[in-house]
Structure formats: structure tokens, C-alpha cells
Amino acid sequence: MIVTRTWLDEWIDLSDISTDEICKTLNAIGLEVDSVKTVKMPQKCVVGYVKSRKKHPDADKLSVCEVDIGSSIVTIVCGAPNVDKDQWVAVALEGAELPDGLKIKKASLRGVESNGMICSSTELGLPKINDGIMVLDSSLGELKCGKNLSELNGLEDDFIEIGLTPNRGDCLSVRGVARDLSAAFKRPLKEICCLKEEDNLLGIGRILTLHAEEKIKSNLLYHAFEQKKISSSVLMELRLAAVELSYEGDIERLISYATYSTGVLLRAYDYKCFKKKDEKAIIELKKDKRGFDAVFGKDGRASYIGYLQEPSCKVTKDSNTVVIEASFTPTKEISVLGAKNKDLQSDKHFYRSSRGSETDLALGVLYLWKLLENEEEVTIYAGGQKISNEAPPKVVILQMSELLKMIGQEVSKNSVVNILKWLSFDVSIKGEQEILNITVPPFRHDIFAPQDICEEIIRVIGIDNIESKPLKFFEKSRINETLIWHNFKNKIRLKAASVGFFESIHYLFDSKEKQDFYGLKSIKRQKELSNPITVELNTLRTSLLLHLLEAASNNIKNGKRSVALFELGRVFDGNRKETTKLSFIFSGESEFPSVSNHGKPKDINFFDFTTKIKHVIGEIRVESSSPEDKLSNPYEYASVYQDQKKIGYIARVHKLVENRLDLPTTYIAEIEVEKLMKDRILAKAYSKFPTSSRDLSFLVPKDMAYHTIRHALEATKVPNLDKFYPIDKFEDESLGEFMSLTMSFRFQNSEKTLEDSEVDGAIELIQKELKKALGIAIR
Amino acid sequence: MKTYEESIEACKDLNELEKIRLKIFGKKGFFSGEFARLKSLKGEEKKELANSLNSAKDSLTNLLNEKKEKLELEFINSSMQKESVDVSLFNASTSSGALHPVYETMNKIIDYFVGMGFAVEEGPLAEDDFHNFEALNLPKYHPARDMQDTFYFDDGMLLRTHTSPVQVRTMLSQKPPIRMICPGAVFRRDFDLTHTPMFHQVEGLVVEPGNSVSFANLKFILEDFLKYIFGDIKVRFRPSFFPFTEPSAEVDISCIFCKGDGCRVCSHTGWLEVLGCGVVDQNVFKAVGYSDVSGYAFGLGVERFAMLLHQIPDLRSLFEGDLRLLEQFK
Chain A
9 MIVTRTWLDE WIDLSDISTD EICKTLNAIG LEVDSVKTVK MPQKCVVGYV KSRKKHPDAD
69 KLSVCEVDIG SSIVTIVCGA PNVDKDQWVA VALEGAELPD GLKIKKASLR GVESNGMICS
129 STELGLPKIN DGIMVLDSSL GELKCGKNLS ELNGLEDDFI EIGLTPNRGD CLSVRGVARD
189 LSAAFKRPLK EICCLKEEDN LLGIGRILTL HAEEKIKSNL LYHAFEQKKI SSSVLMELRL
249 AAVELSYEGD IERLISYATY STGVLLRAYD YKCFKKKDEK AIIELKKDKR GFDAVFGKDG
309 RASYIGYLQE PSCKVTKDSN TVVIEASFTP TKEISVLGAK NKDLQSDKHF YRSSRGSETD
369 LALGVLYLWK LLENEEEVTI YAGGQKISNE APPKVVILQM SELLKMIGQE VSKNSVVNIL
429 KWLSFDVSIK GEQEILNITV PPFRHDIFAP QDICEEIIRV IGIDNIESKP LKFFEKSRIN
489 ETLIWHNFKN KIRLKAASVG FFESIHYLFD SKEKQDFYGL KSIKRQKELS NPITVELNTL
549 RTSLLLHLLE AASNNIKNGK RSVALFELGR VFDGNRKETT KLSFIFSGES EFPSVSNHGK
609 PKDINFFDFT TKIKHVIGEI RVESSSPEDK LSNPYEYASV YQDQKKIGYI ARVHKLVENR
669 LDLPTTYIAE IEVEKLMKDR ILAKAYSKFP TSSRDLSFLV PKDMAYHTIR HALEATKVPN
729 LDKFYPIDKF EDESLGEFMS LTMSFRFQNS EKTLEDSEVD GAIELIQKEL KKALGIAIR
Chain B
10 MKTYEESIEA CKDLNELEKI RLKIFGKKGF FSGEFARLKS LKGEEKKELA NSLNSAKDSL
70 TNLLNEKKEK LELEFINSSM QKESVDVSLF NASTSSGALH PVYETMNKII DYFVGMGFAV
130 EEGPLAEDDF HNFEALNLPK YHPARDMQDT FYFDDGMLLR THTSPVQVRT MLSQKPPIRM
190 ICPGAVFRRD FDLTHTPMFH QVEGLVVEPG NSVSFANLKF ILEDFLKYIF GDIKVRFRPS
250 FFPFTEPSAE VDISCIFCKG DGCRVCSHTG WLEVLGCGVV DQNVFKAVGY SDVSGYAFGL
310 GVERFAMLLH QIPDLRSLFE GDLRLLEQFK
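For the record, the sequence lines run as chains A and B.
Taking this note's numbering, the leading residue of the first sequence gets 9, the next gets one more, and so forth.
Taking this note's numbering, the leading residue of the second sequence gets 10, the next gets one more, and so forth.
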């Protein structure tokens, strides 16, 4: 909503208050000022009168004009198509500097000397009103050759843009904003009054009858006038351009202007739309099939009240008789139907009617008549025809003690009454003196309850004038599972960062096509997003990895040689059930080039990556398995287990994917975070006796996975064997189809120090069992 | 005696020192010989020699030990020196991992409210119309629904447009008093320079029985909170509108960049809008079946806070996993 200072001035006298102060006040009363723009007329720009216009001898599109600028008559060459003899125009004289920086100098245009420039509205820093020069008229006050443009009415102005909240439909007009300011500044609104009475006016009843169904919910008022021509008003054009309202023709211009100024929803119809030959015109008001209040003319529906108008019923400059409709439809009626008929929401009336237009219909018409007052070729029919469906006024009962509790601070009854009166509420005090009976003005569609009244009070007294007070409350533990879960996630995040991963946050959305391409799960068809924002983000993520891969790829493209990222966030399964996952990606060099690695760090490998993951999530076991997706390299893929539960997987990225995304060696992991939450750990008794260890190298077939050996050993009860693990792998031509696998075995007893013979016995058992189970022996 | 003292003095090597020790204290060393002489002496003479030998022995032992300690230290020092590392070769730009500024800002906010006795609550991201709109005084036709472009699913569910549905769920499952915050991701169909389809909010709700909660209470906690986050700033409340609160207000802080003088960040107003808040609308309480209660609620955008606190110019950069940004938070 844009208002200008001069336009506000039509409704309230704020001449002694600075624009800055007005903006501060608007902010304070809840009408947030988004921007303020000041337009000043440049120096040496004056009113001129085009005395003659000739075509330029050497240029088709240029005109040579003799322009009276008061002190003299000068020749100006003008390129605008609409320049003509007998026009009042804005002339930038030699030496003027226009807002876009253009300096006006004498110039020769194709051999004709030009002494200045005839300006368009935009060249003067005003809103754009047409494609040519701005033609001045009496709407700007008295025009005199040579008069400075800054002395004209309404050209210099401050444009205040207000970000209106949706509840304040009553401020969707210049008068509405003025009305709120009148309460803030405690000064009255200006009244429009006293049309010139003419005796010989024809009554509207002579030409028009209304037929209305009872089901109609709207308030309606119809008037009419005859016209041959409506004079121009450049001021109106400039203001409507400033508030970005479009219209067709002079009558629509007046209607749009009056609506924007007063807030009353006005509409003009061509009388012919209702008039059958040789009969009096009938306006039929009834419910349309869809439930809208609608206007019907002789050829069917002419408009929906508060919404669309049929083009065939709109006025043109040839409409001799014009029917004016002022309407108000209860907002709920409009919004409920609007929600069902989304196509209508684009209608320019919908915004105003759904938020609540002005209810004082007569005011809108009166304002329009004032605009037409001095038109010579306009005759207004006397009286109007109306359909009244006015709702009874809303009454809110407010106890002063209730108000005190809501605000937390005493406000005197007198000031409450005073504030409400300035806001056009009617207040009467009930017997006990502490109860206010408040009648809500009809234009305040947003006020129903004491809380709403409280808001009115505090916005006028100013929230900053309320003293802050701490709340007193009873102690109660607020530590819950969510807080514990939150802290747990934070602990994991912190560990991931400590291991060298950078935390990354990505959109919850993903590309369905990519999910399919990489063989990832996707949301079931019937649970899919209906209105995605882009094709790339057209579904919900079922894994955190696609975004991490993309981010890694982009970082590599930006010249990074090593990328380590993680994200902890929610993902969805096919049924759109939410779970929390923790995903990692490590791409490229395992560490930064440095003296310790002689500037040639190795690329990350499965073991180093898995160690990092372990450092974040704790003890894990990996088992080789096969990927379900096409993202992972099937030859380096492991399921991850913790406490016997499968919690996720670790894999190298498939080489096709690495190539496709220009990634160096890249590893990924995805872990289910819920499964990481552990019960309380109970300490076990531990042996205080020394451990003995032995390393053994076995000759094993090259294709034998280590887990085969591990499983075989786990199945054997080796006395005193505390743990065992592989420590080296050696392949050589001399070993043929075999490789040498070195394992370390650690022995310990909780009761005593082991004798060498006991350890040797255990080693023998291990060898025997492996020979028996797998046919492998030491080298 | 003197010679021995001098040779200990002059010794530069632990091996050599050991040789000297043997010469003095060894089986065939000086003292063995001298003490042997005692046998042939008697009376005063013997006593005298014994005394002088003992004192010489003590003094040489001390001298040897001192020297040994000194040489050992020299040896250790020189071996350390040989292995010395030019620590300035340490590459300070090595990667070290970092947490995301949005979550870290969110945690800072959570820390404040947990410290003030608020519970932390969570809820689903995919919500239904009742929890996201209906119960929050946003019936289907309400014009305020325009304020929030919503992502819908084919089965009629939606992605929550704010974290307020968590407040509704909490009120439905618990009884007053309630004192909670709900941090989390929210979604709106908006994607441009200053809007991303996902961002994060922290919303708070306090409900007490009776009419004990006032606007003045709300003012108190938010002023205190904003000073905790942003330091020494001015706080301003402007009346505003939210369907779920009445009265409602938006909260501005004096611009932390220009101290209120006006700059590009604050659009030359001197103020930065950071919060929305209000006294909970009775219609919301009605929707969850509460009566005779009062409360306040507030909500803020975490990205906005993070961008202000860390002077991050581009909202979208927060969701790109770009190390050029993330590495700055090491």
C-alpha cells in the first residue's frame, strides 16, 4: 500500500509534521513502512505552452515546437509522438539537471537548434504515465508560462510504501491510512461535503430498478450519471501510476482513483448492459450457481460483486449513461468462495474485497461526485438505489482488570476511552464503572474480542512504553527426551567436526530423477510433493548423500583437493516416514599437503575413512555386503554394525559416479542416528595381568575374504584369546595364487600371568582349527 | 686429590667420567689404596687419616655426581637439539573440520532458553492442515494463508510452514503450565536472493493457568534474549499481525553494523527486524481445548540471526556445502 503526502493531505492536515515523523508514527501503530521515496522537481524546469508544432525538415520522428516559457518563446526540438500545439508542457531549460543526471544544453538536432527539452514524467523522476511527454493540466493548479514546476500542486511528493498486515483491510485506502494517523496524532479527518445542489436533476428511479434476491449478502448502492466527455487529470494519472494501478479510459480512471482514495469498492457499468429496448433498465441481484453474489443485466451475468466484471458491461468513452455501483461484501463470504475458486484470486478487486473494503458506500459515491463536480459535460442523476444488508454492529465487553492483566501495566480508563474514540469506536461505561461496552466501527473487520481491543490500546500507547516485567512461575523440570536427543546429536556433530569433517546443511528436497538414476529409494507416488518449486527439487530426500556428492563435486571444481563433509538431518522413506541420518563424504587427498607427507598426501582409502567414521560414532564392525543402490562401488562396500545392530553402510563411490561428477577417490557413509543412542554403559571387571601377543603369517588364497577367517576363529573357543586382528597383507608372484596375511593375537587371563607354554598351546590350537576349517597354514 | 678434582672438572664426556670414577673409587682405585693404608696406622694418626679420607671421599662423590648430572643434561639437550623440528613449518591451513553456523546459532539460541527453564520440543516435518493452520487460527479462507506459500503432498499433507505445529502438538499432549521452544526446519515455496525453500526457526511458547501472563512478560524475556545474543543493542517493538497471537508485535534491534546511524544492511533505517511475537490468541487455546489460561509466543528465523552475527551476505550460500564459506568457521 503506497500513500503520498499530498494525497494524505486530502484527508488529514499533517502539514506541520515531517515525513520522518509520520513514518515513525506509522511504524509505531503497526503500519510498517517498507520504503520512503521523495520526488523533487529539478531546478530550471518550468511550465511551457506549445504555441506551434512543425515537422522537422530532416527527421520524420522529430517535431520543432515554439514554446512559450514566460520570459520568452524558444524553439525546442521534441521526439515524442504526442507533442502538439496548444499543450501545456514541462520544459527543462538550458542548465537544468534531470534526476537521471542528464544536463540540458543548447543543441542542434539535425540542423535545428533546440533550447531545452520537453519532458516526460519519468525524465522528471515521476512515475511513468505514458510513452511520450507529460501534458500538464489544471489538476496541478494554475498553469502559467515560466512557472517553476516545483510550484505546481502534487508534483513534488513523498511516497510512503506500507507493508500492510492482512488483517488491516481498513487501511487499504489513502483515507484508511489517514484515519489511523488521525487516532495517532489526535486530529480529525477532513470531511467531504456539500455538493452543489441542482434542482432540475432527474431522479435515478426514472431510469433504473433493482431486483434483489434475499440471499444476497452484499450491501449495494447504485447511482448513475450521463457524460459526453471527462476531462483529463495528470495528477490522478501520476498518483495511479505511483500506486501501480492500471485502468482503461477516463471513467475507469476516476473509479480506480476514488476506490483507492476512499477504500469503497466502486464499479462502473455501461447502462446499455441493463437496458432492454423501450423498457426501464433492471439490475438483477442474485446468487450465481457457485454461490457468489452476482449482478445480472439483460444479457446475463454482468459481474460478480467484489470480483470480476464481464468485459461487455464495462464502460467506454462512448458510454453515455454510466451506472455506478458501490459495494461491500462480508470478507468471509469473499474469502471462502475465493479459496474454492482460485482463478478469481488474480482479480484486482479480490485483494481489497477479501481483506475488507470500506463499508461507508455513500462516502465513495460522494467522493466520486466531488471529482466530477466541475465537469461540464456530466449530469448526475439524483438519489441512489440501495440494497441494505448491514450487519448489526459488533460489541465487545472489556473489563479494565482484564486489560491490566493482558498488558501487564495499568492504563487509565480515560486514556482507553480516549484512544478508542479516536479510533472511531463507541464506548459506553457500564454501571460498575470498570466495564466498557465497546461498539466496533463497521470498517474494522479484524476486531472481535477483548484481546483485539487490547492490541488497539497498546499500538496507540506504544509497546515501547510498556515496562518489561519477568514472569513468575513455579519450578518444574523441563528436561525431556527431546533435549537429551538434541544434546546427543550435538555430541556427534562435534566429534565429526573434530575428526576433520565440515558440517553442511542441504535442502530437504531432492531430484526424483537423480534418485531413480542412482537407484535410491523414493517417496511413493501417492505421497509425493504436489507443488515442487523446481525440477531439481521435486521430491523429498531419502538420503543425505546426493546433496553431499554435489557439494563435494562443486568444491573439487572450485580447486579443493580434499573435501570432507557431513550432514546430520532428517530423511524420508518410501512411506514418508521421517528418520534421522548422519552421512559423510570424503573425497580426494586424505590430508593436506605438508612437510610430513612430503607434499604428496595419498588419496583417502577405505580403512582410513572407516577409522574416521569410527572416531565419530564409536566402536563399529564392518561386514562386506552388496549395495542396493547404483551409487556405491560394489567392490568396496560394507555394512556397518554396532552392538549387533546394522546401523548403515560405508562404501566407495562407484567409479562411473566419480567420473560423472569429476570426483577423485571418494568414500561415503550413511548411518542411522537413532540406532546410535546407547543405554548406560556398565563397567566390567578387567584383568590386571600382562598381555602376551604373537604375530602369525598365514598363506591364504587371494580370493579369501578376511571375514571368513574371522568367522572361523570366532567359532573356535581359543583359551585366553582376548582379541585378534589383521596387521598386514603381502602379495608376491612367488606366492602364486596365495597371499601372506599377518595377524596379531593377544592373550590375557584375568586370574594370572600366562605361561609361555599356555600361549604356545593356544597358538597351536588356532593353527589346527584354521587348517581344519579353511585349509590354511602358516607361511 | 687436587688432580682428581681437576680431571673431574675438565671431563666432557660421561664415559670418561666413569673411567675417572673407577680410578678414584674402583677396587684398584685411589681410595682402596688409601684406606688400605689405615690398617698400618694406629691411634690419632689413624683417626686423622680416616677423617681426612672420608671427607675427601664425600667431596669427590659430590663432585662426581654433580658433574654426572650436568653431563647427562648436556647429552639430552644435544640429542634433542639434533632432533629439533622447525615448528614454523607447520601448515596452518590444514583442514580441521567445523560446525555449521546455522546450527551453531540455533544452539546458542537453544542454550539461552534452556537456561531460562524452557523445554525443547520437536515435531514432524510433514504435517497436516489442522496442526499447521487450522488450530493456529488460520482457517482455510483466512487471507493470512497468503503470507505462507505452502508445499503440499498429493495425500493432502503439507510441509510445515513454521514450527508452530509443534506448539499445537505439545499443548494437545501436555497440560499447562507449558514452557517450551521448538527449533527446526520449515518450508515455504519461495526461492530468490533472500528466500530459500527451507530455513530454520526457533519458536517459543509459554502458557500459564489463569491470566498471569502479560505482554510485559513477553517484552522482558525477548529484550533479555536479544541482548544475550547481540550484546549491547536497543530493542524496539512494533505492533504487527499474526493470526495466532493478539496483540502481536515485530521486534527490531538497533542495527549492529552502523549502531543505528543507517547503513545498507538496515536499509538506512537504523533498525533490523529479528523477531515476531505476541500474546497467544484465545482461539488457539480454544482449538487445543484449553480454557482459562494465558500465554505468549514468539518466533525467529535462525538464518537471519546467523547472517547478522557472522556477517554472511548471501542466504543461499548457507545451503551449498561450499568449503570457502564453511572453512571460515573452524
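Hints are computed from structural coordinates only; laboratory data are not their basis.
Take the hints with a grain of salt, since some may be wrong.
[Said to hold, decoys possible] Simulated pairs of lysine-lysine, BS3-like, Cα-Cα distance not exceeding 30 Å:
#	chain 1	residue 1	chain 2	residue 2
1	A	Lys503	B	Lys339
2	B	Lys243	A	Lys32
3	A	Lys194	A	Lys62
4	A	Lys322	A	Lys306
5	A	Lys589	B	Lys36
6	A	Lys402	B	Lys28
7	A	Lys737	A	Lys686
8	B	Lys117	B	Lys76
9	A	Lys32	A	Lys52
10	B	Lys339	A	Lys484
11	A	Lys610	A	Lys585
12	B	Lys339	A	Lys565
13	A	Lys413	B	Lys32
14	B	Lys184	A	Lys503
15	A	Lys322	A	Lys288
16	B	Lys28	B	Lys117
17	B	Lys184	A	Lys585
18	A	Lys484	A	Lys529
Note to self: So, against the hints stated earlier in the document, which numbers end up violated here?
What the structure shows: Violated: hints 3, 5, 6, 7, 8, 9, 10, 11, 13, 14, 16 and 18.
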